[in-house]
Amino acid sequence: MSKMKPRKDLLDIESLSLEEIEHVLSNAGPFKELFQRSVKKVPTLRGKTVLSLFYEASTRTSSSFEVAANRLSADVTNFSVSTSSITKGESLLDTIETLQAMRSDYIVIRHQSAGVPALLAKHTRASVLNAGDGFHAHPTQALLDAFTFREKFPDLKGKKIVIVGDILHSRVARSTSTIFQKLGVEVAVLGPSSLVPEGRPEFMQRLSSWEDVFDWKPDAVYLLRVQLERQNGQFFPGIAEYHRMYGLNSERLKVMRERGTYLMHPGPVNRGVEVTDEAMGYEKSLIGTQVENGIAVRMSVLHWLKPKTGME
Amino acid sequence: MKLFKNGSLAIGNSADLESADVLVDDDGLIRATGRELEADESTEIIDCGGCILVPGMFDLHVHSRDPGGEHKETLDTCAAAALHGGVTGMVLMPDTDPPIDSGNQVKNIHERAEGIGSLDILQSGCLTKGRSGEKLAGYSGMVTQGSPLLTDSGRDVPCPDLLRRAMEYAHDFDILVACFCDTPALTRGGVINEGRASYRLGLPGAPAISQEIAIDRNLRVAQNTGARIHIQLPSTAVGARSLRRAKEDGAAVSSEVALHHLLFNEEMVTDYDSRFKFDPPLRLPEDCAALWDALLDDTIDLITSDHSPHTPFEKSTDFGSAPSGSSSLETTVLVFHDRFIKTGKCGWNFLIRKYSDNPRTLIGKEKLSWEEGRRAEFFVFDPESETRLSTDYFKTKSPVSLFQDETVSGAIRETVIGVQSFS
Numbered sequence: 001m002s003k004m005k006p007r008k009d010l011l012d013i014e015s016l017s018l019e020e021i022e023h024v025l026s027n028a029g030p031f032k033e034l035f036q037r038s039v040k041k042v043p044t045l046r047g048k049t050v051l052s053l054f055y056e057a058s059t060r061t062s063s064s065f066e067v068a069a070n071r072l073s074a075d076v077t078n079f080s081v082s083t084s085s086i087t088k089g090e091s092l093l094d095t096i097e098t099l100q101a102m103r104s105d106y107i108v109i110r111h112q113s114a115g116v117p118a119l120l121a122k123h124t125r126a127s128v129l130n131a132g133d134g135f136h137a138h139p140t141q142a143l144l145d146a147f148t149f150r151e152k153f154p155d156l157k158g159k160k161i162v163i164v165g166d167i168l169h170s171r172v173a174r175s176t177s178t179i180f181q182k183l184g185v186e187v188a189v190l191g192p193s194s195l196v197p198e199g200r201p202e203f204m205q206r207l208s209s210w211e212d213v214f215d216w217k218p219d220a221v222y223l224l225r226v227q228l229e230r231q232n233g234q235f236f237p238g239i240a241e242y243h244r245m246y247g248l249n250s251e252r253l254k255v256m257r258e259r260g261t262y263l264m265h266p267g268p269v270n271r272g273v274e275v276t277d278e279a280m281g282y283e284k285s286l287i288g289t290q291v292e293n294g295i296a297v298r299m300s301v302l303h304w305l306k307p308k309t310g311m312e
Numbered sequence: 001m002k003l004f005k006n007g008s009l010a011i012g013n014s015a016d017l018e019s020a021d022v023l024v025d026d027d028g029l030i031r032a033t034g035r036e037l038e039a040d041e042s043t044e045i046i047d048c049g050g051c052i053l054v055p056g057m058f059d060l061h062v063h064s065r066d067p068g069g070e071h072k073e074t075l076d077t078c079a080a081a082a083l084h085g086g087v088t089g090m091v092l093m094p095d096t097d098p099p100i101d102s103g104n105q106v107k108n109i110h111e112r113a114e115g116i117g118s119l120d121i122l123q124s125g126c127l128t129k130g131r132s133g134e135k136l137a138g139y140s141g142m143v144t145q146g147s148p149l150l151t152d153s154g155r156d157v158p159c160p161d162l163l164r165r166a167m168e169y170a171h172d173f174d175i176l177v178a179c180f181c182d183t184p185a186l187t188r189g190g191v192i193n194e195g196r197a198s199y200r201l202g203l204p205g206a207p208a209i210s211q212e213i214a215i216d217r218n219l220r221v222a223q224n225t226g227a228r229i230h231i232q233l234p235s236t237a238v239g240a241r242s243l244r245r246a247k248e249d250g251a252a253v254s255s256e257v258a259l260h261h262l263l264f265n266e267e268m269v270t271d272y273d274s275r276f277k278f279d280p281p282l283r284l285p286e287d288c289a290a291l292w293d294a295l296l297d298d299t300i301d302l303i304t305s306d307h308s309p310h311t312p313f314e315k316s317t318d319f320g321s322a323p324s325g326s327s328s329l330e331t332t333v334l335v336f337h338d339r340f341i342k343t344g345k346c347g348w349n350f351l352i353r354k355y356s357d358n359p360r361t362l363i364g365k366e367k368l369s370w371e372e373g374r375r376a377e378f379f380v381f382d383p384e385s386e387t388r389l390s391t392d393y394f395k396t397k398s399p400v401s402l403f404q405d406e407t408v409s410g411a412i413r414e415t416v417i418g419v420q421s422f423s
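Those protein sequences? They're chains A and B, same order as listed. Be aware that the first sequence starts at 1, since it is given in this note's numbering, and climbs by one per residue. Be aware that the second sequence starts at 1, since it is given in this note's numbering, and climbs by one per residue.
Misleading hints may appear alongside valid ones.
In silico negatives: residues of chain B with every beta carbon more than 12 Å from chain A [said to hold, decoys possible]:
| no. | residue |
| --- | --- |
| 1 | 8 |
| 2 | 15 |
| 3 | 27 |
| 4 | 68 |
| 5 | 70 |
| 6 | 132 |
| 7 | 162 |
| 8 | 165 |
| 9 | 173 |
| 10 | 193 |
| 11 | 194 |
| 12 | 205 |
| 13 | 226 |
| 14 | 349 |
| 15 | 420 |
Partial selection, computed: residues in chain A whose CB lies under 10 Å from chain B [as the list claims (entries may be wrong)]:
| no. | residue |
| --- | --- |
| 16 | 113 |
| 17 | 137 |
| 18 | 167 |
| 19 | 168 |
| 20 | 245 |
Label-pair ranges, simulated between beta-carbon atoms [stated by the list, open to error]:
| no. | chain 1 | residue 1 | chain 2 | residue 2 | range |
| --- | --- | --- | --- | --- | --- |
| 21 | B | 311 | A | 308 | 23 to 31 Å |
| 22 | A | 245 | B | 161 | 33 to 41 Å |
| 23 | A | 14 | B | 390 | 27 to 35 Å |
| 24 | B | 270 | A | 211 | 34 to 42 Å |
| 25 | A | 2 | B | 184 | 50 to 58 Å |
| 26 | B | 345 | A | 14 | 29 to 37 Å |
To be clear, the hints were calculated from the coordinates, so they are not data collected in a lab. Computed from a prediction, not measured in an experiment: that's the story for all the values here. Using N, Cα and C, we set each Cβ at its ideal position, and we do this for glycine too.
With the hints as extra help, turn the sequences into a complete structure.
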């Protein structure tokens, strides 16, 4: 396995160097190979504790982290947010005090407010793994996306990926576009003006239609989940129109099939909104692989980070 | 008597400082100014060699948090902070808990303020009952009790019809209407300027047009009703342009700017540091420049601190949940000197005009002067010294500041009001 000076926390993709990204990605490979064996567990984090703290509902990401931690032999505790005093208005700093007192080695946190993992990281000796904060970042998603894409294209230079959908409210779009850009992949976005913010970085060039997308010849199409629950206003007139304008319908799927374009999605998928049912069986869909790789990548991250616990 | 000797006097209408001594009698009145004033044996002599004597500032936008937020600030600590920062008069915002929306409440604050350090504390009142934007508050009582202006402070009056009635009604009392300009339906949950910073940090953005539209609307309603309007804290170049146009049209409009909108922009918000969270939010570098130009050409009449104390604990939560604003009564003069006067961008006369004369004139108070017979009201500034803005510098109850732990040039040695002096 490759060596790299460990970090305490993983909060975003921006702050990672290319070498650090390479390190996490290359170490995810051996972890993935482990999954083929009958015994999928290694003793790397035996005796270490991982606290899982999800302020926002999530099954996929929290399970993925839990499986990853288990396979590294760590003990995982779920701090149940919905039933704890947190929902009763306990201040965030007081919660952090409590968490600190539990002396976990790793804290996996998802929070609806951007910057909370960074705040937690500042106040705890545990390694903090950002599992999604506000619209800000979802770094393990980005790492698993890059890992998945690179399995198909070992040489990433000059490859192209288009991200389709709600960029404005998407931490996945922010982190995933950033990692691809760092790895030399060209990134474009497609979506209505109401969901593609002006304040995005310049490297995210905007395409205006699926025709443009096909003219641009991407190697993969990355569909974002249309997060109806996140939107506090009307950003587009309705599901039907969204599907017509930006969804992956049969016609568009046909073009992708002809060209062998890969399909990615962070899940969970809204069938009939961003993708047609038919696309779910698409042979070049990487959606299932993304999930599997998520575990390997999260193992690699847990393996790399080094908490400051036990150093008092 | 007290003789402030060997200092230089700063005045509003000239950039030149005048070397002069100031003799203050036992009633706290200026007895004489001039070179080499003689003193008898009983006179206390204060050597002001190398120092500048500056007329006391007047802050038109201060959140005292009293009543209801006494853990953040009280009338006493707010007054102490003001005096510490060279401010000898101020208008308190009515966004307390409960909000100040009746004559009795204004009376109560004024009575309490009377006992505090003889500085000029004026309580403004709400435009609408409970700042709710639903019903008019009782203006006659508040005006009778001496409220210098009416404002819903920190909130606009969303309903244009109610805003119009409020201005019509206020016009009858010839009282200033101060508007915090905002379109809530556009601001929504925005906590930072919408643009690059909101994208980068993944925080909900508040678009500039939210304030700009409201400035235009409020100016238009004021022009239509004849009300005197004061636009609080315009934060963008477009907003400044609207103000300039309204002034060209001869509208009875005035405006203010806070130091943080001149000095900081959204690009400086890093690491989710909630001290950079303001309402209205920090905008773009070009907005800062446009606001400075507007201050120079008198589109913007005056400077305020927008002193908004919140405890360190309250500010230390995540950016999105942290309250907006921070303490600034004690830093405005010092930082303004450090960034603008010392660097030669303007003279003391500019600061005096914008932070002492204009706010006083706007609410019908006399400007301060060095004339014989006037009450002594000034601070002694030592430009050769420096001030470290560490936590123990602050007299506010909530020492949270954008300038925390910075060392700025110059120091306020003492603030004098009548026979009292504070340091």
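Here is what the structure says about each hint:
{"no.": "1", "hint": "8", "result": "holds, 47 Å"}
{"no.": "2", "hint": "15", "result": "holds, 41 Å"}
{"no.": "3", "hint": "27", "result": "holds, 51 Å"}
{"no.": "4", "hint": "68", "result": "holds, 18 Å"}
{"no.": "5", "hint": "70", "result": "holds, 19 Å"}
{"no.": "6", "hint": "132", "result": "holds, 22 Å"}
{"no.": "7", "hint": "162", "result": "holds, 24 Å"}
{"no.": "8", "hint": "165", "result": "holds, 29 Å"}
{"no.": "9", "hint": "173", "result": "holds, 39 Å"}
{"no.": "10", "hint": "193", "result": "violated, 9 Å"}
{"no.": "11", "hint": "194", "result": "violated, 7 Å"}
{"no.": "12", "hint": "205", "result": "violated, 7 Å"}
{"no.": "13", "hint": "226", "result": "holds, 37 Å"}
{"no.": "14", "hint": "349", "result": "holds, 40 Å"}
{"no.": "15", "hint": "420", "result": "holds, 40 Å"}
{"no.": "16", "hint": "113", "result": "holds, 4 Å"}
{"no.": "17", "hint": "137", "result": "holds, 6 Å"}
{"no.": "18", "hint": "167", "result": "holds, 9 Å"}
{"no.": "19", "hint": "168", "result": "holds, 8 Å"}
{"no.": "20", "hint": "245", "result": "violated, 23 Å"}
{"no.": "21", "hint": "311/B with 308/A: 23 to 31 Å", "result": "holds, 28 Å"}
{"no.": "22", "hint": "245/A with 161/B: 33 to 41 Å", "result": "holds, 38 Å"}
{"no.": "23", "hint": "14/A with 390/B: 27 to 35 Å", "result": "holds, 32 Å"}
{"no.": "24", "hint": "270/B with 211/A: 34 to 42 Å", "result": "holds, 40 Å"}
{"no.": "25", "hint": "2/A with 184/B: 50 to 58 Å", "result": "holds, 52 Å"}
{"no.": "26", "hint": "345/B with 14/A: 29 to 37 Å", "result": "holds, 35 Å"}
Taken one by one, the earlier hints fail for this structure at numbers 10, 11, 12 and 20, listed in ascending order.
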